[in-house]
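**Q** So the chains spell out like this:
Protein chains: 2
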Amino acid sequence: MRLLLIHSDFIEYEAQKKTAMAEEDIIQKDSLDEAIAAFCAVESVDEEDLMDVVIQAADEILKTAEKVGSARVMIYPYAHLSNDLASPKQAVMALRALEEKLSGSIEVKRAPFGWYKSFNLSCKGHPLSELSRTLVPGGGEDTPAKKEVTREWFVL
Amino acid sequence: MRLLLIHSDFIEYEAQKKTAMAEEDIIQKDSLDEAIAAFCAVESVDEEDLMDVVIQAADEILKTAEKVGSARVMIYPYAHLSNDLASPKQAVMALRALEEKLSGSIEVKRAPFGWYKSFNLSCKGHPLSELSRTLVPGGGEDTPAKKEVTREWFVL
Ligand SMILES: [Mg+2]
Numbered sequence: 044m045r046l047l048l049i050h051s052d053f054i055e056y057e058a059q060k061k062t063a064m065a066e067e068d069i070i071q072k073d074s075l076d077e078a079i080a081a082f083c084a085v086e087s088v089d090e091e092d093l094m095d096v097v098i099q100a101a102d103e104i105l106k107t108a109e110k111v112g113s114a115r116v117m118i119y120p121y122a123h124l125s126n127d128l129a130s131p132k133q134a135v136m137a138l139r140a141l142e143e144k145l146s147g148s149i150e151v152k153r154a155p156f157g158w159y160k161s162f163n164l165s166c167k168g169h170p171l172s173e174l175s176r177t178l179v180p181g182g183g184e185d186t187p188a189k190k191e192v193t194r195e196w197f198v199l
Numbered sequence: 044m045r046l047l048l049i050h051s052d053f054i055e056y057e058a059q060k061k062t063a064m065a066e067e068d069i070i071q072k073d074s075l076d077e078a079i080a081a082f083c084a085v086e087s088v089d090e091e092d093l094m095d096v097v098i099q100a101a102d103e104i105l106k107t108a109e110k111v112g113s114a115r116v117m118i119y120p121y122a123h124l125s126n127d128l129a130s131p132k133q134a135v136m137a138l139r140a141l142e143e144k145l146s147g148s149i150e151v152k153r154a155p156f157g158w159y160k161s162f163n164l165s166c167k168g169h170p171l172s173e174l175s176r177t178l179v180p181g182g183g184e185d186t187p188a189k190k191e192v193t194r195e196w197f198v199l
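So the protein sequences, as listed, match chains E and H. For the first sequence, my numbering begins at 44 and goes up steadily by one. For the second sequence, my numbering begins at 44 and goes up steadily by one.
Any given hint might turn out to be false.
All copies of an identical chain are treated as equivalent in the list; a pair is satisfied when it fits inside any one copy or across any two copies.
Stated by the list, open to error - In silico SDA-like cross-links for lysine to any residue, where the CA-CA straight-line distance does not exceed 25 Å:
#, residue 1, residue 2
1, Lys144, Leu75
2, Lys167, Tyr121
3, Lys110, Ser74
4, Lys110, Asn163
5, Lys144, Val179
6, Lys60, Pro131
7, Lys144, Glu103
Simulated from the structure, these hints should not be mistaken for lab results.
Please put together the full structure from these sequences, using the hints given.
**A** Below is the structure:
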């Protein structure tokens, strides 16, 4: 999963138009102030162990929320963060699981998957206000400096 | 180069704090209405032929601008789009070259490289308002479905 976390004054969206893979029963329009906008791309490799990646993502979001002193997150599906996406079905499963996982600890909203959406985002711009991660099943982060999946920092 | 183009009602930024790789002599704060926000990550592979990738990026931006009926672009350095970045020096060279290349055809502004910045972005949300590309030297797009660099769509 590619994750881009932006500590924001506000994030708001409005679903405008369905794509072929649009979720049903959505919240058409919503917003959060003083929140983390969590842009997520679920990747094909995540399908090997979707729940593992979801737990890592939740952990990353909660750590960041604590660091920046926010207690709100807007999960925002963002396919443009990856060239190698999971199937839409798996992606929606992961995003819903992430929402549920976080909802015990923090206020969570989730923008709908598979819709063209307008959005308005105000990034705070302090040194911790933008962070990105590539999470892979097995608990490691996949970066060029760290091709081998390392497990030490995340033990189930 | 990873490129994320967002057709926006407005994009505004304000440089807040230097990083170790901050550009000097910057425009501290600026904005554009009815513009394409062009988030760019210059990648290490781009160093093989920086100008080739710049020309491809300019071409992509101009095509998109024409499609959505915009005549303004804000070039916005965005390292979070890639896990494998070019050196800061090469990245700044590429971004400045992109600015110069575009400036004959369209109104261009460029947010400074290497600064923590606050920003405010309003994505329009119509079907063409968000587009991403991975450009590599040699003229092709590097996607999983297209591992071999193809040249047909961009001939110098
Ligand atoms: Mg509008």
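**Q** Decide, hint by hint, whether the structure agrees.
**A** Going down the list of hints, with the structure as the test:
no.: 1; hint: Lys144 to Leu75; result: within (19 Å within a copy, 39 Å between copies)
no.: 2; hint: Lys167 to Tyr121; result: both (20 Å within a copy, 15 Å between copies)
no.: 3; hint: Lys110 to Ser74; result: within (22 Å within a copy, 29 Å between copies)
no.: 4; hint: Lys110 to Asn163; result: both (24 Å within a copy, 22 Å between copies)
no.: 5; hint: Lys144 to Val179; result: within (18 Å within a copy, 38 Å between copies)
no.: 6; hint: Lys60 to Pro131; result: within (17 Å within a copy, 39 Å between copies)
no.: 7; hint: Lys144 to Glu103; result: within (12 Å within a copy, 39 Å between copies)
Taken one by one, the earlier hints all hold for this structure without exception.
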